[in-house]
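All residue numbers for the sequence shown refer to our numbering, where the first residue is 1 and numbers rise by one.
Worth flagging that the hints you see were computed from the coordinates, not collected in a lab.
All of these numbers come straight from a predicted model, not from anything done at the bench.
All C-beta atoms in this analysis are idealised placements derived from N, C-alpha and C, irrespective of residue type, glycine included.
Be aware that a few hints might be false.
[Unchecked claim] Label pairs and their computed distance ranges (CB to CB): (1) Gly-61 x Glu-26: 19 to 25 Å; (2) Arg-18 x Val-59: 17 to 23 Å; (3) His-105 x Val-19: 23 to 29 Å; (4) Gly-33 x Phe-107: 28 to 34 Å; (5) Gly-33 x Gln-109: 28 to 34 Å; (6) Asp-42 x Asn-62: 40 to 46 Å; (7) Gly-20 x Gln-94: 38 to 44 Å; (8) Leu-14 x Asp-42: 19 to 25 Å.
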Amino acid sequence: MQRPSATARELPSLLSDRVGRRFAGEAILAAGGPAWNDPSLDDRSRSVAILTALICEGVRGNRFTTHLERAVRAGLDQPALEVLTVLLSLYVGQARTSLAEKIHHFFQQPVPDTSAQQAPPERPIP
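Kindly generate the complete structure, drawing on both the sequences and the hints.
Rendered as structure tokens:
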């Protein structure tokens, strides 16, 4: 199941549109900056690391959903994400991995049709 979401290259532009260029640039640097595009990790591995950190910290809501969408776009499917939550529950406990329910419901939602939407123009990273 594919969902529309930003690639690492699109993130600065999309975040700038939401919060302004200056804040977006600082937020991206604070959140890892160049690590978002570093070739040492592919997007799938990066998504596993990020979701693991968010789950362990108990992050919920839009912040989690944004990274969940990115993970799906990077190739993580429902079975892989379910296995991730099972493995994490062994180390961080069931309370932290209750996001398994969120992941399950995420895959039950219909995928919006974005075929008529045009991709936003790319902007340089601030």
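Results for each hint:
Evaluation of the 19 to 25 Å hint for Gly-61 and Glu-26 yields a pass: the beta carbon distance comes to about 21 Å. Between Arg-18 and Val-59, the C-beta spacing of about 18 Å keeps the proposed range 17 to 23 Å intact. For the pair His-105 and Val-19, the beta carbons lie near 27 Å from each other, so the given range of 23 to 29 Å is met. The hinted range of 28 to 34 Å is satisfied by Gly-33 and Phe-107, whose Cβ atoms lie roughly 31 Å apart.
As the Cβ distance of Gly-33 to Gln-109 is approximately 32 Å, the hint placing it in 28 to 34 Å holds. Range check, Asp-42 to Asn-62: about 25 Å between beta-carbon atoms, so the 40 to 46 Å window is missed. Checking the proposed 38 to 44 Å range against Gly-20 and Gln-94 shows it holds: the Cβ atoms sit about 40 Å from each other. The supplied range of 19 to 25 Å is met by Leu-14 and Asp-42, whose beta-carbon atoms lie about 21 Å from each other.
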